[in-house]
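We have chain F; now place chain W onto it with these hints.
2 protein chains.
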Amino acid sequence: MQKSLLLIAHGSRREASNEEVRTLSERLRVAADANFHEIGCAFLELAEPSIPDGIEALIGNGAEQVIVLPYFLAAGRHITEDIPAEVAIKQRQHPQISITIAPYLGTAEDIPSLLLSLVK
Amino acid sequence: MQKSLLLIAHGSRREASNEEVRTLSERLRVAADANFHEIGCAFLELAEPSIPDGIEALIGNGAEQVIVLPYFLAAGRHITEDIPAEVAIKQRQHPQISITIAPYLGTAEDIPSLLLSLVK
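So the sequence lines, in the order shown, correspond to chains F and W. Going by our numbering, the first residue of the first sequence is number 77, and it counts up by one from there. Going by our numbering, the first residue of the second sequence is number 77, and it counts up by one from there.
None of these hints come from the bench; they were simulated from the model. As the structure is a computational prediction, the values presented were derived from the model and not from experiment. Each statement offered as a hint is correct.
Once the Cα atoms are required to be at most 27 Å apart in a straight line, the calculated DSS-like pairs of lysine-lysine come out as: (1) F:Lys196 - W:Lys166; (2) F:Lys166 - F:Lys79; (3) W:Lys79 - W:Lys166; (4) F:Lys196 - W:Lys79.
Rough simulated footprint, nothing fancy, chain W against chain F, three-plus residues with beta-carbon under 8 Å: (5) 77-89; (6) 105-111; (7) 150-158.
Footprint (simulated), chain F over chain W, 3 or more residues, beta carbon under 8 Å: (8) 88-96; (9) 104-112; (10) 181-193.
All C-beta atoms, glycine included, are put in the ideal place defined by N, C-alpha and C.
Next comes chain F alone, as it looks inside the complex:
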């Protein structure tokens, strides 16, 4: 099964912040080695591609499974409502594709040690 990953960020009026996310998705590609058919990124608002366009692009490139990975620190409305709503629309349009949402970044077990690595 061709499995692709879509990193989702909020999006910013500051283009350099959006570029940081695009660069991060390239670093993800390197770190993931060959575990994914493709790794892309998309933005909830203020930047391109949108989440629907990002999902479409992965499916268009052959993904049979899409995992949406939210690059968010807190479980605000974007995590609980907005991203699931956008994903649900795409899931209805592509019933043959498995589209799932991974836990958001802020839930990662190793955040404390990552934070401490910054003060060493």
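Here is chain W on its own, set in the frame of chain F:
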């Protein structure tokens, strides 16, 4: 030298998000073992304590060095201007204390592997 750490988050109207940050600062205390005299958290806006109040509390409890650690993913205006401005005011008020700002979370080297741990 008594070194204390202040985790800084943006702050949210959603109190549960602020609680996530307070819980994270407790997890940091556990992960840091005895490397810091004290570990606290503070918020740029919308939640308490404020950054100045958070710094004051650490100094009041005996910190001779304060490291401010921004729990932010992107280098927006908050990182480049707002947090440094608040820290600079406190540094002028306490010239005998070393107050420094650590790199923000989004710069951490291991973010890609942390993200990939969420999709396993």
